Amino acid sequence: MVLRRQDTSQDNRPEYRRFRVFTRNDLDRIPQLSNLSEQVRFDMKVISAVLPFRVNEYVIDELIDWNNIPKDPIYQMAFPQRGMLDEVHFERMADAILRDASVEEIKNIANSIRAELNPHPAGQMELNIPRDESGERFNGIQHKYKETVLFFPTQGQTCHSYCTFCFRWAQFVGDRSLRIASKEADILHTYLREHKEVTDLLVTGGDPMIMKTKHLRKYLEPLLQPEFEHIQNVRIGTKALTFWPHRFVSDDDADDLLELLTQLVNAGKNIAVMAHYNHWRELDSEIAHTAIQRLRSTGAEIRSQGPLLAHINDNAEDWARLWNDQVKLGIFPYYMFVERDTGARTWFEVPLKKAWNIYREAMMQVSGLARTARGPSMSTGPGKVEIQGVTEIAGEKVFVLRFIQGRNPDWVQKPFFARYDSKATWLNDLQPAFGEKEFFFEAEYNSMLDDGSVGP
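Be aware that the sequence shown starts at 0, since it is given in numbering that gives the first Met the number 0, and climbs by one per residue.
Careful: at least some of the hints might be erroneous.
List of simulated lysine to aspartate or glutamate pairs, EDC-like, C-alpha gap at most 16 Å [stated by the list, open to error]:
id	residue 1	residue 2
1	211	254
2	44	94
3	352	300
4	327	395
5	217	196
6	352	313
7	195	252
8	413	443
9	211	252
10	44	64
11	422	409
12	327	360
Simulated restraints on C-beta separations [claimed, not checked]:
id	residue 1	residue 2	range
13	105	138	50 to 58 Å
14	105	231	43 to 51 Å
15	446	82	35 to 43 Å
These aren't lab readings, by the way, just hints derived from the structure by calculation. This one's a predicted model, so the numbers in the text were calculated from it and none came from an experiment. From the three backbone atoms N, C-alpha and C, an ideal C-beta is built for every residue, glycine too.
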(Lines of atoms letter the chains of each structure in order from A and count residues from 1; the text may use other names and numbers.)
(Lines give C-alpha, C1' and ligand atoms only; values in the text may rest on other atoms or scores of the structure.)
Protein backbone atom coordinates (compact mmCIF):
# COMPACT_ATOMS: atom_id res chain seq x y z
CA MET A 1 0.00 0.00 0.00
CA VAL A 2 1.41 3.40 -0.97
CA LEU A 3 0.17 6.48 0.84
CA ARG A 4 -0.02 9.77 -0.99
CA ARG A 5 2.12 12.17 0.98
CA GLN A 6 0.46 15.40 1.99
CA ASP A 7 1.96 18.79 1.34
CA THR A 8 3.17 19.53 4.85
CA SER A 9 4.23 23.12 4.36
CA GLN A 10 2.16 25.16 6.78
CA ASP A 11 0.79 27.44 4.06
CA ASN A 12 -0.78 24.50 2.23
CA ARG A 13 -2.28 22.56 5.13
CA PRO A 14 -5.87 23.60 5.87
CA GLU A 15 -5.83 21.23 8.87
CA TYR A 16 -2.59 22.67 10.28
CA ARG A 17 -2.75 23.95 13.83
CA ARG A 18 0.14 24.94 16.05
CA PHE A 19 0.39 22.74 19.13
CA ARG A 20 0.12 24.96 22.19
CA VAL A 21 -0.12 23.47 25.65
CA PHE A 22 -1.07 24.91 29.06
CA THR A 23 0.10 23.56 32.44
CA ARG A 24 -0.58 24.57 36.03
CA ASN A 25 1.58 27.68 35.72
CA ASP A 26 -0.48 28.81 32.73
CA LEU A 27 -3.99 28.58 34.22
CA ASP A 28 -4.34 32.37 34.31
CA ARG A 29 -3.45 32.51 30.59
CA ILE A 30 -6.45 30.43 29.47
CA PRO A 31 -9.00 33.05 28.34
CA GLN A 32 -12.08 30.88 28.89
CA LEU A 33 -11.26 30.43 32.59
CA SER A 34 -11.67 34.15 33.22
CA ASN A 35 -15.44 33.62 33.04
CA LEU A 36 -15.34 31.18 35.96
CA SER A 37 -15.50 32.22 39.60
CA GLU A 38 -12.37 33.05 41.54
CA GLN A 39 -13.08 30.10 43.85
CA VAL A 40 -13.26 27.63 40.96
CA ARG A 41 -9.96 28.91 39.57
CA PHE A 42 -8.35 28.67 43.02
CA ASP A 43 -9.65 25.11 43.38
CA MET A 44 -7.95 24.24 40.09
CA LYS A 45 -4.64 25.57 41.40
CA VAL A 46 -4.96 23.49 44.56
CA ILE A 47 -5.84 20.24 42.80
CA SER A 48 -3.20 20.71 40.10
CA ALA A 49 -0.52 21.13 42.76
CA VAL A 50 -1.09 17.45 43.59
CA LEU A 51 -2.45 15.82 40.44
CA PRO A 52 -0.97 16.50 36.99
CA PHE A 53 -2.59 19.05 34.70
CA ARG A 54 -1.89 19.67 31.02
CA VAL A 55 -4.31 20.71 28.29
CA ASN A 56 -3.80 21.92 24.74
CA GLU A 57 -5.50 24.68 22.79
CA TYR A 58 -7.36 22.29 20.46
CA VAL A 59 -9.14 20.68 23.43
CA ILE A 60 -9.98 24.09 24.88
CA ASP A 61 -11.20 25.67 21.65
CA GLU A 62 -12.76 22.76 19.76
CA LEU A 63 -13.93 20.10 22.22
CA ILE A 64 -15.22 21.86 25.33
CA ASP A 65 -18.65 23.52 25.37
CA TRP A 66 -17.95 26.55 27.55
CA ASN A 67 -21.68 27.27 27.77
CA ASN A 68 -22.16 24.04 29.72
CA ILE A 69 -19.68 24.40 32.57
CA PRO A 70 -19.14 22.46 34.82
CA LYS A 71 -21.28 19.70 33.30
CA ASP A 72 -19.48 19.49 29.97
CA PRO A 73 -17.87 16.01 29.85
CA ILE A 74 -14.68 17.14 28.09
CA TYR A 75 -14.25 19.92 30.66
CA GLN A 76 -14.55 17.32 33.43
CA MET A 77 -12.05 15.17 31.54
CA ALA A 78 -9.45 17.93 31.23
CA PHE A 79 -9.79 20.42 34.10
CA PRO A 80 -9.34 19.78 37.85
CA GLN A 81 -12.44 19.79 40.07
CA ARG A 82 -12.47 20.33 43.82
CA GLY A 83 -13.92 16.89 44.55
CA MET A 84 -10.88 15.20 43.03
CA LEU A 85 -9.18 15.41 46.44
CA ASP A 86 -10.82 14.69 49.77
CA GLU A 87 -11.37 17.67 52.06
CA VAL A 88 -8.43 16.88 54.36
CA HIS A 89 -5.98 16.77 51.47
CA PHE A 90 -7.57 19.77 49.77
CA GLU A 91 -7.45 21.99 52.85
CA ARG A 92 -3.87 21.01 53.58
CA MET A 93 -2.69 22.13 50.15
CA ALA A 94 -5.01 25.15 50.03
CA ASP A 95 -3.57 26.41 53.31
CA ALA A 96 -0.03 26.12 51.96
CA ILE A 97 -0.90 28.06 48.81
CA LEU A 98 -2.81 30.79 50.69
CA ARG A 99 0.09 31.43 53.05
CA ASP A 100 2.50 31.49 50.12
CA ALA A 101 4.50 28.50 51.31
CA SER A 102 7.84 27.80 49.67
CA VAL A 103 8.08 25.71 46.53
CA GLU A 104 9.87 23.03 48.53
CA GLU A 105 7.13 22.86 51.19
CA ILE A 106 4.37 22.64 48.57
CA LYS A 107 6.30 19.87 46.82
CA ASN A 108 6.67 17.93 50.07
CA ILE A 109 2.97 18.32 50.90
CA ALA A 110 2.05 17.19 47.39
CA ASN A 111 4.29 14.13 47.62
CA SER A 112 2.85 13.11 50.99
CA ILE A 113 -0.71 13.39 49.61
CA ARG A 114 0.21 11.46 46.46
CA ALA A 115 1.59 8.63 48.57
CA GLU A 116 -1.92 8.17 50.01
CA LEU A 117 -3.58 8.02 46.57
CA ASN A 118 -2.30 4.54 45.60
CA PRO A 119 0.01 5.85 42.84
CA HIS A 120 0.67 2.43 41.31
CA PRO A 121 -2.51 0.31 41.57
CA ALA A 122 -2.55 -3.47 41.06
CA GLY A 123 1.14 -3.76 41.95
CA GLN A 124 2.45 -2.16 38.76
CA MET A 125 5.85 -1.36 40.28
CA GLU A 126 6.25 -4.35 42.60
CA LEU A 127 4.59 -7.17 40.70
CA ASN A 128 4.73 -6.54 36.97
CA ILE A 129 8.30 -5.45 36.21
CA PRO A 130 10.44 -8.49 35.28
CA ARG A 131 14.05 -9.07 36.36
CA ASP A 132 16.99 -10.75 34.71
CA GLU A 133 18.94 -13.67 36.18
CA SER A 134 21.01 -11.31 38.34
CA GLY A 135 17.90 -9.66 39.78
CA GLU A 136 18.19 -6.44 37.80
CA ARG A 137 14.93 -4.91 36.61
CA PHE A 138 14.03 -4.58 32.96
CA ASN A 139 13.13 -0.92 33.38
CA GLY A 140 10.27 0.27 31.23
CA ILE A 141 8.78 -3.20 30.79
CA GLN A 142 5.78 -4.86 32.42
CA HIS A 143 4.98 -8.53 31.92
CA LYS A 144 1.86 -9.49 33.85
CA TYR A 145 0.24 -11.93 31.41
CA LYS A 146 2.19 -14.64 29.57
CA GLU A 147 1.47 -13.55 26.00
CA THR A 148 1.59 -9.75 26.43
CA VAL A 149 4.45 -7.36 27.23
CA LEU A 150 3.92 -3.66 27.97
CA PHE A 151 6.67 -1.22 27.02
CA PHE A 152 6.96 2.37 28.29
CA PRO A 153 9.31 4.38 26.03
CA THR A 154 10.78 7.40 27.78
CA GLN A 155 9.91 9.69 24.86
CA GLY A 156 6.25 8.74 25.25
CA GLN A 157 5.83 9.42 28.96
CA THR A 158 3.65 12.49 28.55
CA CYS A 159 0.43 13.21 26.63
CA HIS A 160 -1.01 15.89 24.38
CA SER A 161 -3.40 16.58 27.28
CA TYR A 162 -3.81 14.82 30.62
CA CYS A 163 -7.02 13.09 31.69
CA THR A 164 -8.13 14.04 35.18
CA PHE A 165 -9.03 10.39 35.86
CA CYS A 166 -5.78 8.89 34.57
CA PHE A 167 -4.70 5.77 36.46
CA ARG A 168 -1.08 6.42 35.44
CA TRP A 169 -1.08 9.96 36.84
CA ALA A 170 2.05 9.14 38.88
CA GLN A 171 4.05 9.04 35.63
CA PHE A 172 3.53 12.80 35.19
CA VAL A 173 4.20 14.46 38.55
CA GLY A 174 7.99 14.77 38.21
CA ASP A 175 8.88 12.12 40.81
CA ARG A 176 11.27 9.70 39.09
CA SER A 177 10.69 7.07 41.78
CA LEU A 178 7.09 6.78 40.57
CA ARG A 179 7.92 6.55 36.85
CA ILE A 180 8.04 3.43 34.69
CA ALA A 181 10.05 4.17 31.55
CA SER A 182 12.96 3.12 29.33
CA LYS A 183 14.83 4.97 26.60
CA GLU A 184 16.79 1.89 25.56
CA ALA A 185 15.39 0.04 22.56
CA ASP A 186 17.93 -2.71 23.25
CA ILE A 187 16.25 -3.50 26.58
CA LEU A 188 12.95 -4.13 24.84
CA HIS A 189 14.43 -6.18 22.02
CA THR A 190 16.61 -8.26 24.35
CA TYR A 191 13.60 -9.12 26.48
CA LEU A 192 11.40 -10.02 23.52
CA ARG A 193 14.18 -12.08 21.97
CA GLU A 194 14.41 -14.17 25.15
CA HIS A 195 10.65 -14.64 25.61
CA LYS A 196 9.26 -16.54 22.65
CA GLU A 197 5.96 -17.05 24.49
CA VAL A 198 5.15 -13.37 23.95
CA THR A 199 2.87 -12.72 20.97
CA ASP A 200 1.68 -9.20 21.79
CA LEU A 201 3.64 -6.01 22.40
CA LEU A 202 1.71 -3.06 23.85
CA VAL A 203 3.54 0.25 23.52
CA THR A 204 2.04 2.53 26.14
CA GLY A 205 2.69 5.55 28.33
CA GLY A 206 1.83 8.33 28.73
CA ASP A 207 1.03 8.37 25.04
CA PRO A 208 3.48 6.87 22.52
CA MET A 209 1.92 8.96 19.76
CA ILE A 210 3.45 12.08 21.28
CA MET A 211 6.84 10.73 20.16
CA LYS A 212 8.40 11.72 16.89
CA THR A 213 8.12 8.93 14.35
CA LYS A 214 11.90 8.48 14.29
CA HIS A 215 11.77 7.34 17.92
CA LEU A 216 8.81 5.04 17.41
CA ARG A 217 10.56 3.54 14.39
CA LYS A 218 13.61 2.72 16.53
CA TYR A 219 11.42 0.53 18.75
CA LEU A 220 9.15 -1.04 16.14
CA GLU A 221 11.10 -1.48 12.91
CA PRO A 222 13.49 -4.12 14.34
CA LEU A 223 10.44 -6.33 14.98
CA LEU A 224 10.44 -7.05 11.24
CA GLN A 225 13.55 -9.21 11.69
CA PRO A 226 12.99 -13.01 11.62
CA GLU A 227 14.05 -13.40 15.27
CA PHE A 228 10.87 -11.52 16.26
CA GLU A 229 8.43 -13.51 14.17
CA HIS A 230 6.74 -14.62 17.42
CA ILE A 231 5.56 -11.00 17.91
CA GLN A 232 2.32 -11.17 15.94
CA ASN A 233 0.45 -8.16 17.32
CA VAL A 234 1.69 -4.66 18.07
CA ARG A 235 -0.71 -2.51 20.07
CA ILE A 236 -0.22 1.22 20.57
CA GLY A 237 -2.18 2.84 23.37
CA THR A 238 -3.15 6.44 22.62
CA LYS A 239 -5.64 9.24 23.18
CA ALA A 240 -4.18 11.33 20.36
CA LEU A 241 -7.26 10.70 18.19
CA THR A 242 -9.14 12.79 20.76
CA PHE A 243 -6.59 15.22 22.15
CA TRP A 244 -4.48 15.85 19.04
CA PRO A 245 -5.84 14.19 15.86
CA HIS A 246 -3.45 16.45 13.92
CA ARG A 247 -0.78 13.88 14.83
CA PHE A 248 -2.13 11.71 12.01
CA VAL A 249 -3.00 14.51 9.59
CA SER A 250 -0.86 17.64 9.64
CA ASP A 251 2.06 17.19 12.05
CA ASP A 252 5.36 17.44 10.22
CA ASP A 253 5.96 13.69 10.47
CA ALA A 254 2.35 12.49 10.17
CA ASP A 255 3.01 10.87 6.80
CA ASP A 256 6.15 9.19 8.13
CA LEU A 257 4.10 7.73 10.98
CA LEU A 258 1.51 6.31 8.61
CA GLU A 259 4.22 4.89 6.37
CA LEU A 260 5.79 3.13 9.37
CA LEU A 261 2.46 1.53 10.28
CA THR A 262 1.88 0.53 6.66
CA GLN A 263 5.34 -1.04 6.55
CA LEU A 264 4.59 -3.13 9.65
CA VAL A 265 1.19 -4.22 8.33
CA ASN A 266 2.59 -5.17 4.92
CA ALA A 267 5.24 -7.27 6.67
CA GLY A 268 2.52 -9.31 8.37
CA LYS A 269 2.28 -7.63 11.76
CA ASN A 270 -1.20 -6.92 13.09
CA ILE A 271 -1.22 -3.29 14.22
CA ALA A 272 -3.92 -2.38 16.72
CA VAL A 273 -4.28 1.25 17.77
CA MET A 274 -5.86 1.09 21.23
CA ALA A 275 -7.74 4.38 21.18
CA HIS A 276 -8.91 5.77 24.51
CA TYR A 277 -12.43 7.21 24.21
CA ASN A 278 -14.82 8.23 26.96
CA HIS A 279 -17.56 10.20 25.24
CA TRP A 280 -19.07 10.44 21.77
CA ARG A 281 -18.24 14.16 21.64
CA GLU A 282 -14.60 13.18 21.15
CA LEU A 283 -15.54 11.84 17.71
CA ASP A 284 -17.39 14.91 16.48
CA SER A 285 -14.75 17.09 14.83
CA GLU A 286 -13.86 16.95 11.14
CA ILE A 287 -10.16 16.63 11.93
CA ALA A 288 -10.92 13.59 14.12
CA HIS A 289 -12.76 11.93 11.23
CA THR A 290 -9.85 12.65 8.89
CA ALA A 291 -7.36 11.23 11.38
CA ILE A 292 -9.39 8.02 11.75
CA GLN A 293 -9.66 7.61 7.98
CA ARG A 294 -5.94 8.13 7.43
CA LEU A 295 -5.01 5.76 10.23
CA ARG A 296 -7.29 3.03 8.90
CA SER A 297 -5.82 3.48 5.41
CA THR A 298 -2.56 1.97 6.70
CA GLY A 299 -4.24 -1.36 7.40
CA ALA A 300 -4.08 -0.81 11.15
CA GLU A 301 -7.22 -1.54 13.16
CA ILE A 302 -8.55 0.86 15.78
CA ARG A 303 -10.01 -0.56 18.99
CA SER A 304 -11.63 1.67 21.59
CA GLN A 305 -11.50 1.43 25.35
CA GLY A 306 -12.14 3.66 28.32
CA PRO A 307 -13.46 3.75 31.88
CA LEU A 308 -16.98 4.40 33.10
CA LEU A 309 -16.81 7.71 34.96
CA ALA A 310 -19.16 9.73 37.13
CA HIS A 311 -19.56 13.30 35.79
CA ILE A 312 -18.49 12.20 32.29
CA ASN A 313 -20.27 9.11 30.93
CA ASP A 314 -22.23 7.38 33.71
CA ASN A 315 -25.33 6.71 31.62
CA ALA A 316 -26.25 4.09 29.02
CA GLU A 317 -27.24 6.59 26.33
CA ASP A 318 -23.77 8.12 26.06
CA TRP A 319 -22.12 4.70 25.88
CA ALA A 320 -24.56 3.44 23.25
CA ARG A 321 -24.00 6.52 21.10
CA LEU A 322 -20.23 6.26 21.56
CA TRP A 323 -20.17 2.63 20.42
CA ASN A 324 -22.60 3.22 17.54
CA ASP A 325 -20.63 6.21 16.28
CA GLN A 326 -17.39 4.26 16.53
CA VAL A 327 -18.76 1.39 14.46
CA LYS A 328 -19.83 3.89 11.76
CA LEU A 329 -16.26 5.15 11.63
CA GLY A 330 -14.73 1.67 11.47
CA ILE A 331 -13.59 1.48 15.11
CA PHE A 332 -14.05 -1.73 17.13
CA PRO A 333 -15.51 -1.21 20.65
CA TYR A 334 -13.21 -3.22 22.94
CA TYR A 335 -13.50 -2.44 26.67
CA MET A 336 -15.58 -0.60 29.24
CA PHE A 337 -13.36 -0.34 32.32
CA VAL A 338 -14.25 0.31 35.94
CA GLU A 339 -12.38 3.38 37.21
CA ARG A 340 -9.22 2.24 38.96
CA ASP A 341 -8.58 2.56 42.68
CA THR A 342 -6.09 5.42 42.41
CA GLY A 343 -5.76 9.19 42.12
CA ALA A 344 -9.07 11.07 41.87
CA ARG A 345 -11.15 7.89 42.06
CA THR A 346 -13.61 9.24 44.66
CA TRP A 347 -14.78 11.85 42.14
CA PHE A 348 -15.18 9.40 39.28
CA GLU A 349 -16.00 5.99 40.77
CA VAL A 350 -19.37 4.35 40.12
CA PRO A 351 -20.84 1.46 42.16
CA LEU A 352 -20.38 -1.89 40.44
CA LYS A 353 -24.12 -2.52 40.36
CA LYS A 354 -24.65 0.77 38.48
CA ALA A 355 -21.73 0.04 36.16
CA TRP A 356 -23.23 -3.30 35.17
CA ASN A 357 -26.68 -1.78 34.64
CA ILE A 358 -25.21 0.93 32.38
CA TYR A 359 -23.27 -1.64 30.37
CA ARG A 360 -26.32 -3.88 29.98
CA GLU A 361 -28.66 -1.04 29.00
CA ALA A 362 -26.12 0.33 26.50
CA MET A 363 -25.73 -3.12 24.93
CA MET A 364 -29.50 -3.26 24.45
CA GLN A 365 -29.27 -0.12 22.27
CA VAL A 366 -26.57 -1.27 19.82
CA SER A 367 -26.30 -3.86 17.07
CA GLY A 368 -24.11 -6.93 17.19
CA LEU A 369 -21.23 -5.04 15.59
CA ALA A 370 -20.90 -2.88 18.71
CA ARG A 371 -21.35 -5.74 21.16
CA THR A 372 -17.66 -6.52 20.93
CA ALA A 373 -17.07 -4.27 23.97
CA ARG A 374 -16.31 -6.28 27.09
CA GLY A 375 -17.04 -5.04 30.57
CA PRO A 376 -17.42 -3.65 33.05
CA SER A 377 -13.84 -4.81 33.67
CA MET A 378 -11.62 -4.21 36.70
CA SER A 379 -7.84 -4.31 36.17
CA THR A 380 -6.88 -5.78 39.55
CA GLY A 381 -3.76 -7.36 41.01
CA PRO A 382 -4.88 -10.94 40.24
CA GLY A 383 -6.06 -10.01 36.72
CA LYS A 384 -8.83 -8.45 34.64
CA VAL A 385 -12.14 -9.26 36.33
CA GLU A 386 -15.39 -8.76 34.43
CA ILE A 387 -18.79 -8.22 36.04
CA GLN A 388 -21.13 -10.53 34.15
CA GLY A 389 -24.30 -9.77 36.02
CA VAL A 390 -26.38 -9.81 39.18
CA THR A 391 -28.54 -12.79 40.01
CA GLU A 392 -29.98 -14.83 42.88
CA ILE A 393 -28.73 -18.33 43.69
CA ALA A 394 -30.10 -20.44 46.55
CA GLY A 395 -31.78 -17.37 47.98
CA GLU A 396 -28.63 -15.23 47.97
CA LYS A 397 -28.21 -12.17 45.73
CA VAL A 398 -24.78 -12.26 44.09
CA PHE A 399 -22.48 -10.68 41.53
CA VAL A 400 -21.41 -13.09 38.78
CA LEU A 401 -17.74 -12.49 37.94
CA ARG A 402 -15.04 -14.01 35.74
CA PHE A 403 -11.42 -13.43 34.78
CA ILE A 404 -10.81 -12.11 31.26
CA GLN A 405 -7.08 -12.31 32.06
CA GLY A 406 -5.39 -13.81 35.09
CA ARG A 407 -1.90 -14.12 36.54
CA ASN A 408 -2.59 -17.83 36.32
CA PRO A 409 -4.11 -18.58 32.89
CA ASP A 410 -6.13 -21.39 34.49
CA TRP A 411 -8.30 -18.74 36.17
CA VAL A 412 -9.48 -17.31 32.85
CA GLN A 413 -13.20 -17.72 32.02
CA LYS A 414 -13.86 -19.48 35.33
CA PRO A 415 -17.00 -17.96 36.90
CA PHE A 416 -17.07 -17.04 40.58
CA PHE A 417 -19.55 -15.32 42.83
CA ALA A 418 -19.43 -12.40 45.25
CA ARG A 419 -21.99 -11.38 47.82
CA TYR A 420 -24.09 -8.52 46.41
CA ASP A 421 -23.03 -5.12 47.78
CA SER A 422 -24.80 -2.04 46.42
CA LYS A 423 -21.96 0.26 47.52
CA ALA A 424 -18.98 -1.74 46.25
CA THR A 425 -16.86 0.02 43.63
CA TRP A 426 -13.91 -2.40 43.33
CA LEU A 427 -13.04 -6.06 43.73
CA ASN A 428 -11.50 -5.40 47.15
CA ASP A 429 -14.91 -4.24 48.40
CA LEU A 430 -16.50 -7.62 47.64
CA GLN A 431 -16.83 -10.71 49.81
CA PRO A 432 -17.21 -14.31 48.61
CA ALA A 433 -20.78 -15.57 48.34
CA PHE A 434 -22.33 -18.65 49.96
CA GLY A 435 -20.34 -18.37 53.17
CA GLU A 436 -16.96 -19.05 51.53
CA LYS A 437 -13.96 -17.60 53.35
CA GLU A 438 -12.11 -16.54 50.21
CA PHE A 439 -12.41 -16.45 46.43
CA PHE A 440 -11.07 -19.47 44.56
CA PHE A 441 -7.90 -17.66 43.42
CA GLU A 442 -6.96 -15.87 46.65
CA ALA A 443 -4.76 -18.52 48.26
CA GLU A 444 -2.72 -19.00 45.10
CA TYR A 445 -2.44 -15.27 44.48
CA ASN A 446 -1.30 -14.61 48.05
CA SER A 447 1.26 -17.37 47.64
CA MET A 448 2.52 -15.63 44.48
CA LEU A 449 2.90 -12.41 46.45
CA ASP A 450 4.76 -14.15 49.27
CA ASP A 451 7.32 -15.93 47.10
CA GLY A 452 7.66 -13.23 44.44
CA SER A 453 6.48 -15.45 41.60
CA VAL A 454 3.83 -13.07 40.32
CA GLY A 455 5.17 -12.81 36.78
CA PRO A 456 4.07 -15.10 33.95
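Hints and how they fare:
no. : hint                  : in the structure
1   : 211 x 254             : 11 Å, holds
2   : 44 x 94               : 12 Å, holds
3   : 352 x 300             : 32 Å, violated
4   : 327 x 395             : 42 Å, violated
5   : 217 x 196             : 23 Å, violated
6   : 352 x 313             : 12 Å, holds
7   : 195 x 252             : 33 Å, violated
8   : 413 x 443             : 15 Å, holds
9   : 211 x 252             : 7 Å, holds
10  : 44 x 64               : 21 Å, violated
11  : 422 x 409             : 30 Å, violated
12  : 327 x 360             : 20 Å, violated
13  : 105 x 138: 50 to 58 Å : 29 Å, violated
14  : 105 x 231: 43 to 51 Å : 48 Å, holds
15  : 446 x 82: 35 to 43 Å  : 39 Å, holds
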